[in-house]
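Participant: Chain by chain, the residues run as shown.
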Amino acid sequence: MTWAGSPIVGSRTPKVDAAEKVVGTGRYVDDLSLPGMVYARLARSPYPHARIREVSTESALGQPGVRLILSSENLPGLLPDLGPYDPACHDFEREGAVSMPGDFRLVDSTIRHVGEPVAVVVADSDGAAVEAAATLEVDYEPLPAVLDVDQARLEEAPQIHQGAEGNVAGNLRRSAGDVEAALAESEVVLAHRFSTSRQKQAQLEPTCCVVEPRRDGGVTVWTPHQAPHRARRTLARMFGLGLNSVRVVNPLIGGAFGKGDGLTAEPYAVAAALVTRRPIKLRYSRHEDLVGTEARHPAVFDLTAGFDAKGRILALRGRVTMDAGAYLSHTPRVLPVILTQLTATYRIPNVDLEVTALFTNTPVSGAFRGYGGPQAAFALEHLIDLGARAVNVDPLEARDRMRIRTGDSWGYSRRPIDTSGLEECLRLGAEAIGWSGHRAKELWPRACDQTGIRRGVGMACVVWKSGIAGKAGAVDQSGATVVVNPDGSTLVASAACDLGTGIKTTLAQICAEALGLPIESVRVTESDTGVTPYDSGAHASRSLYRAGRAVERAALEAKREILTYAADLLEADPGDLQFDGDRIVVRGAPDRSAALFDVLERGFREGRRFEGVGTAPLENAPSFAAQFAEVEVDLETGGVRVTRLVAAQDVGKAINPTIVEGQIQGAVHQGLGYALTEDLVIDPETGTVLNGSFMDYRVLTSADGPLVETIVVEQGDPTGPFGAKGAGEPSIILTAPAVANAILHATGASVRKLPMTPERVLAAIRGVKLGGEQAEPGALAGNGSGTV
Amino acid sequence: MAEVRCVVNGELLKAEVKDDRLLCDFLREDLGLLGTRVGCREGVCGSCNVLLGGFPVRSCLFLAPQADGEQITTVEGLSEGDHLHPLQRAFIDAGAVQCGFCTAGILITAKALLDRNPEPSEHEVLEALAGNLCRCSAYGKIVDAIRKAAVSSK
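Order-wise, the sequence lines are chains A and B. Mapping to my numbering: the first sequence position 289 is 289, numbers consecutive. Mapping to my numbering: the second sequence position 152 is 1152, numbers consecutive.
Pulled out of the complex, with its shape left as it was, chain B reads as follows (with noise of 0.2 Å):
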């Protein structure tokens, strides 16, 4: 067993985990994030990507305790209460939801981009996006809702 002290989503808490539970499970399981999707197991799809000290992570690659000490935000905290963040509301408003199981892992690499580059272009968003798979293949809606998000959040 192990002790992660993180903060996820502004809220720090503490809890014991098994050395091997995946950081996806313990999101989940443990703290009932249920938004973080978990699509392939393997880290190749992206839906479980979640931020760990602002850098988007497949949280189904990384153990619980190599959270301990970090800041880890997942799809529930984009938005304040009621108040969406820019990304979610350019989302809906153009389309860019399909199942929406990929949805949440694209938003916290959407965020994370948007972090480091107000203002991508299409191409820079596209190459961003290359780590997050999207059956439904709304690649055209994401982009337009992420350059959207750009410009709304300015």
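Chain A extracted, bound-state conformation (with noise of 0.2 Å):
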């Protein structure tokens, strides 16, 4: 054992769940096997909204194996209590946990998107549960369907939701100051549409989830859930149960990325646990988890701003409309980080904003790392360098004077900015891109008419947050428990969920430092349940703040406990005792000390407990990050070759800086895909996704970007553990909008729709060269002229 001599809070302590994960005994949910399990799958709609006249039962009943069918023929009558639910799981938090037009219902006689569950099957072996889902007989009335927000927003669309006039899944405007005015005082207005894609979380795990009925008539669920406490109120509420009778229980988690953080496959395979009696394992096919699990939302933006000679923006109009799809789910919640993100990173003295969610009959839009944040950046980080570019202004500069500063309101907290890390992060960020060389040569571009390949670089900046406290309507809680055992081990119970993350491996860092004991005799207990305080889960970037926080609080509460109890024996004040190694020693007197294994097995056999309970404070603090792309554009084929990417985040304080260095990578891997290829493509006419497999939904490779380059800023937030902030997702909002910036610089052309595939890249190029409405005399030579 090391004992704190060094810090462990800061150190590269290797993962707790490394080994296990490298040797292959780690396990996941699809490992796990239970006595008299039984096996169910999913039979999907093919129809992108419809009415369902007869599930036809008796051919797949005939089949060998097949032991119940559940559809909306049968379930109401075997499971009479149940309602509909938030796949979300924030209905419980709504003011009277009521139920809103677009809530979800188990296999509903209405089908609204294509791939939505129709029956649920079980048999005795997974093969016979796909072949029988497979060949379910479904008699369908196909209705009218909506098939994106175009169509939804017309007065003749059918209405996909009672209770949704217009298909209005949600609205939020904001305004302030004078846009009218501030636009006519502007040297430069530029209006342009922005549009972005529905992207896939990918997650290498397939959904798949295992139940056990109880003898209590309740449940218990392993999934890969991101919150299993709000799992457990949502399963609870929806079939009747008292939230003692469901736990909820997260084994390994494969990946989540915000596809757990929401109900899947859990309450169809707690449906078949209820009404058999028997152990249930359902599993998602890889191409049922791409089309029916929730995707990030598309959305178009149209945009108006007005810049300064300075690139500042003075005034922004916006009119945003997101793509909910067919249910409402997490939409209420990313609609106002979308609208909060607009004017969150920048003084903008004069907005006038209103963002609309459309229901329409496409897969369900929700949870995804960034949480509307990456669709907010894409136009206003892409718009801020056209702005900066016709007013001739190094948009790195024009950022820097409209950045917010410590001191300034923010959008998520009414308590000012305390410290700022994103001056840090833009200067590094610059530095290590060498950004003045690269836009001093005034680059590449000279005329747009040349061939060959271009090269640019380009940037983005983000404030964002850590965790949700402070928005509105929404429930943010971590708590935790510390006990330190008679041996000195330690066992923490929180319910912060690893998706890979590592959280479970900071939270065991905190604990031992906190306490003074060595990182190795600490343990963090499964994300269960039925043996964890509260928490509101892994999302919003909040785990390590929240979580963090109630841990460390727990932590000292414990060690209290401990010199509390030392102080008696050693007869000196509590205060003036410190542990020392494995001592627990008098403040200037060495003498006076005493084992600590000593202490804590007389305090056992006295009675005593050396335990903390320790709750997050309804606190939020502002994360920072900036990013710097440097790509390569081939003019004739459009292709675009990303050669470096810098991303610079700060992060408070790095608890493990490896792991931190690993969540700054991989979200820019995975902001570079929502660049240049990610997309879940909807045939227009059918509802049918087009590419739902890992064949044709193009995840990037190792072979597909650079290795990206970290810089990790640290101006600690008074009120997080050790100073940490959130860490997840920064990064990934910034990738899109770099790569884009680098484009522009590069070529002068402008793309403005995700992914910038060469095909749409090439006709941007195209546009430039043929004087369209990218008409510029060439790149950063412009003349300062912009376009209404």
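Just so you know, the hints here were simulated from the structure itself, not pulled from any lab data. Take these hints with a grain of salt, some might be off.
What the hints assert, rightly or not - Partial list, derived from the structure: chain A residues whose beta carbon lies under 10 Å from chain B:
hint : residue
1    : Arg-27
2    : His-287
3    : Ile-519
4    : Thr-658
5    : Leu-707
Here a beta-carbon is modelled for each residue, glycine too, at the ideal position from N, C-alpha and C.
Using the hints, put the two standalone chains together into the complex.
Facilitator: Below, the structure is given as structure tokens:
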């Protein structure tokens, strides 16, 4: 054991679960089997909008091994208490816990997107369940469908949900100042449309869950869900069970990125388990995972911005339309993030913004790492470069002039910004990429009528958050308990979920550091609602900032208990005691000390308990990031090769620098996929997903991008554990706009639709060549006159 | 049904399998070697890679009967008891493991690479890994780990 002579917080401690993952003994949910377990699979609709006339179960039930088929015809009779639910697991947080238009119903008689489950098939083997689900006879009455947001807002469009007039799933406005007047005074006014894609989390572990019915009528659910306590509340509510009758447990989680921040297979498996009284395993195929779980909201931004001569935005008008897909789910929570992020990073005095989400008969949009941030940043950050270009200002300088600063108020908290690493991120990132050298070359694009390769650099930056405390209607809670055992080993009970993010390791580090005990002595429990205090889950860059604070406080309380007891033994003041290796010593009197194990053992015999309970105070901390991309664009093919990516991020304190670097690198690489290739494509005629396989949905590989260069900035936040703040998301937000801005710098062409495929890049380049909408005499030699 | 005789992780075994039994299901469900992960069942992600006769193959694209007469190594066969393979040690030390779902397949690919090319360049490692998706995108740390393992195995 290494005693805490050197700090544990800030060290590159190996991850606590790395060993079981490299030898293959770690267990993910599909590795679990229970005695008597049977298999469920889902039959899914081929229609985007339909009413089910009849589900003919006879032939499927006649197949060998098939036990049961649950559909809208028999489920209400079998589970009469079953209610609608919010797959995002926010329903219990709503005022009055009411249901809302667009909430989900298990195997409803109306189908609202291709791939929506119409029946649960239960069989003795997975193969039999797959076969029966694939061949189940369902008689559909197809209904007119709405397959994109333009159709959704037409007056004659069919209404997808009762109570959602005009197919509106949500709407928010924000205004300040006088936009009209500010636009009139602006040096340049630009108006552009930006469109973002339907990105899938594509976590490598396909969706799967295992449910065991219990004798008390409840269930135990093993699932890679990102918020077991939220899952428990929503499952309990929809099935009419008490919270003690639902236990949700995380096995190892094979990636999530938002896919698990809500219910997917769990309710179907619970229903099957409650009806059959048998343990159930329910798997999704990779295709089902891609089309049948939620994706990042596609959004269209119509933005008008007025810039002053220094490249600052004086006024921003925006009309944003998000595609919610077929059900409500996370949309009410993503929507305000898009709105907030349009004004979070910069001081924009005059704004008039409206964000509207519309229902369509397409797969549901939901949570994905960044949760509205990437969409807003792509539009805003690219617009800033277009504006800076029009007034002939370095876009980095333009940002630096209008970025928010310490003392400013900030979108997610009334507390003004205490510390900001944004300036440092901008400076260090610019140095690393060689910004001034690159931009000073005025660059490669002299005239855009040549062929060949052009190079350019671009950047983007953002202010982000640590959790959702302060967001309207949101509940953001983390609790933890710390128990120091008589042998000095310590158990931390926390439901913070480790999606591969290393949170179990960093929590152990925080506990060890706060207690002054070796990291090897600390174990963090599984995220199991049966043994952990409430935690809102792994999302919104919150786990370390929130659960870390709860663990720190619990550990400090446990330590106080130990020192108070030791003070009695040593006849000293508790305030004069400190841990010194495996002894507790009186400060300034080295001869007066006691062995820690003796203190713990004696205390145990006397009935003392060395435990602490901690919760995270309702705070939020801003985090900051800047990203720089260097690209080569092939003018003949439109192909973009990203040659360097530099990501600078202010994480407050890197509790474990290796883990932080991994988070940043992974986020950027996923962001690069968002920039260049990733989009779940919906057939405009049939509503079918055209690329629902890993063969066709193009996730980037190791060979597709540069290795990401990371710069970790540590401007500690006073409210974070050891100063730490959220780290998981900021860098995924910035890659697409940094790449778009680099393409603009390289070619003078503005690509305003994601992903930036060669076709789109080529079309934008040709627009420049033909003197079309992007006519400018050539990159930075622009004359400063803008287009309206 | 088909009879399969093969050596898995150094152990000779004989089994009766259905003709269409996938190798990944044979390994995971029949032999209980759960360390091999199945990410897509369509031969793209590489999570289920195992060594067959020393070469990395997609065990979701192989039928178990095709393994007859072959030597197979899964992730469980890399370590010897508590003694980790240098690649496994390096993956832990370099922080190359995030969610871990791709890890077994990547270790297998990396072992095949180092067996043929004991000192790969960064570029060669990245090329070799192009058939293994890591959605956590820990590629930087993975490359570090593989190159460190190459040095430490010398």
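Participant: Looking back at the numbered hints, which does the structure fail to meet, lowest number first?
Facilitator: 3
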